[in-house]
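**Q** The chain contents come next:
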Amino acid sequence: MPQDALSVQNVSHSFGRFQALKDVSLAVPKGGFTALLGVNGAGKTTLFSLITRLYNSTSGRIEVAGHDLRREPGAALARLGIVFQSRALDADLTVSQNLTYHAALHGIPRREAMSRAVDVLAQVGLGDKMDARVSALSGGQSRRAEIARALIHRPQILLLDEATVGLDVKSRAEVVELTRALTRQGVSALWATHIMDEIRPEDGLVILHKGQVLAAGKTAEVTGGDDLTEAFLRLTGEQA
Amino acid sequence: MSHILTPRMWLTAFLGITRRETLRFVNQRGRFLAALVRPLVWLFIFAAGFRAVLGLSITPPYQTYVLYEVYVTPGLIAMIQLFNGMQSSLTMVYDRETGAMRTLLVSPFPRWFLLGSKLVAGVIVSIIQVYTFLAIAWFWDVEPPLMGYVTVLPALILSGLMLGAMGLFLSSAIRQLENFAGVMNFVIFPMFFASTALYPLWRMRESSTLLHDICAINPFTHAVELIRFALYEQFDLLSFSVVLGCLILFFAGAVFMYDPAKGLWARRKGGA
Numbered sequence: 001m002p003q004d005a006l007s008v009q010n011v012s013h014s015f016g017r018f019q020a021l022k023d024v025s026l027a028v029p030k031g032g033f034t035a036l037l038g039v040n041g042a043g044k045t046t047l048f049s050l051i052t053r054l055y056n057s058t059s060g061r062i063e064v065a066g067h068d069l070r071r072e073p074g075a076a077l078a079r080l081g082i083v084f085q086s087r088a089l090d091a092d093l094t095v096s097q098n099l100t101y102h103a104a105l106h107g108i109p110r111r112e113a114m115s116r117a118v119d120v121l122a123q124v125g126l127g128d129k130m131d132a133r134v135s136a137l138s139g140g141q142s143r144r145a146e147i148a149r150a151l152i153h154r155p156q157i158l159l160l161d162e163a164t165v166g167l168d169v170k171s172r173a174e175v176v177e178l179t180r181a182l183t184r185q186g187v188s189a190l191w192a193t194h195i196m197d198e199i200r201p202e203d204g205l206v207i208l209h210k211g212q213v214l215a216a217g218k219t220a221e222v223t224g225g226d227d228l229t230e231a232f233l234r235l236t237g238e239q240a
Numbered sequence: 001m002s003h004i005l006t007p008r009m010w011l012t013a014f015l016g017i018t019r020r021e022t023l024r025f026v027n028q029r030g031r032f033l034a035a036l037v038r039p040l041v042w043l044f045i046f047a048a049g050f051r052a053v054l055g056l057s058i059t060p061p062y063q064t065y066v067l068y069e070v071y072v073t074p075g076l077i078a079m080i081q082l083f084n085g086m087q088s089s090l091t092m093v094y095d096r097e098t099g100a101m102r103t104l105l106v107s108p109f110p111r112w113f114l115l116g117s118k119l120v121a122g123v124i125v126s127i128i129q130v131y132t133f134l135a136i137a138w139f140w141d142v143e144p145p146l147m148g149y150v151t152v153l154p155a156l157i158l159s160g161l162m163l164g165a166m167g168l169f170l171s172s173a174i175r176q177l178e179n180f181a182g183v184m185n186f187v188i189f190p191m192f193f194a195s196t197a198l199y200p201l202w203r204m205r206e207s208s209t210l211l212h213d214i215c216a217i218n219p220f221t222h223a224v225e226l227i228r229f230a231l232y233e234q235f236d237l238l239s240f241s242v243v244l245g246c247l248i249l250f251f252a253g254a255v256f257m258y259d260p261a262k263g264l265w266a267r268r269k270g271g272a
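Protein chains in written order, with the UniProt record's numbering: chain H, 1 to 240; chain B, 1 to 272.
Hints in this document: simulated from the structure, not taken from any laboratory. Here a beta-carbon is modelled for each residue, glycine too, at the ideal position from N, C-alpha and C. All clues stand as given, with none of them false.
Restraint ranges, calculated between C-beta atoms of paired labels, are given here:
1) H:Arg180 with B:Trp10: 32 to 40 Å
2) H:Arg180 with B:Val37: 49 to 57 Å
3) B:Phe186 with H:Arg71: 39 to 47 Å
4) H:Ser14 with B:Ile128: 41 to 49 Å
5) B:Thr209 with H:Arg71: 52 to 60 Å
Facing chain H, from chain B, some residues (calculated, C-beta under 7 Å):
6) Met9
7) Ala13
8) Leu23
Chain H on its own, in the form it takes in the complex (with noise of 0.2 Å):
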């Protein structure tokens, strides 16, 4: 069986009394879309903050391309390429400076971070941007650099927390048919939303509810031919 690009079995977390996560496994196949589906506080951001090793997982296993994330933190977090839901753009600097920064985080000399910048910068589109302000560029545009951002060290699977978040309608589409594209060169994806649209029948879906997996599978599996809300709220046991 080919290995997982990301792999959590068994963890779980609390914050003081509070169970934010309850045994929760799921795996995101290499090169695969897989959707993280929950409603606010479902437990995604803790999840994300998890693997991204921000919170310690003390129970349970997270491996990132086959690296354990607590014995191999350097090796898990290097092949990780992660879009926080919040802005983690530095506004008052250019898309390039930005770039370059986030490579020599991960050790990449100027010289190679600028000609990877302009390579990332072509794939989302954003070509012409190098040396704008982040403080110029719009919502979409913003989110896109952000995803170049986070492509810029390599990384073999990408961590999408509600991408999304704020941006209108069309922006919305272009960065999940962005993020769609980029699983067809090969990254694996995991995309964390509450939105139903951005989830299609042949991607991967994780229903995560109260800090449980309620179900896991391709997602015209696991909604058995209903509609995806419709399935989400008989899972999760919500009305309308």
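Given chain H, work out where chain B should sit, using these hints.
**A** Coordinates of chain B only, in the frame set by chain H:
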């Protein structure tokens, strides 16, 4: 991609962090101006007003009577570094509220190194501010010996690191941006006024022994004295030891607080 971090990669990461801090500083001209105007106002107005009121006896490292402007200069230098340290802690809190802090912390390099690099970058920025201030002060009759400008550099590095580490440590404890106003009131002002920045220790003893003792244990006092002696080509062992000790303490505290397994990250819920 190999996950072994070569010395060149460490250097690249360090230079990258330093470059970002300097670029941010250069781009925020208002910040540079504010950082410069603050001590100059103290020097031009406050010191001029106090000159007549405050008599200073000859205290080491000075060998003659000195003008109040001369006395107060090392204190103002330390103030620049104190504000700078707090300013970088403010950006840390701001960075944490946006995703920038997360971007830094998910780098494959260990956290002590990332925080340390950020600290050093902040000190470099503060030293640029200090020398600009000293250059302007020279025209205001604050003329330390020429070699003093060189010997003060190691002192500036050490005091800058200590005050920056203090800011780093505090930033790990501040939950939200607005609380920085509290830091101003409860950290910056008391530290500055209860120190030897504006008046010598013996003057303090005259008014209150308790206040004198508080000033004597205030790490900021020792940063001021370390700079004061170094600016006159002298070395004050006590100040050096206190500043170094505090640096180690604050930095260790900050690394502990930012550790994913310990400190605030482990306890914090949601969008930290």
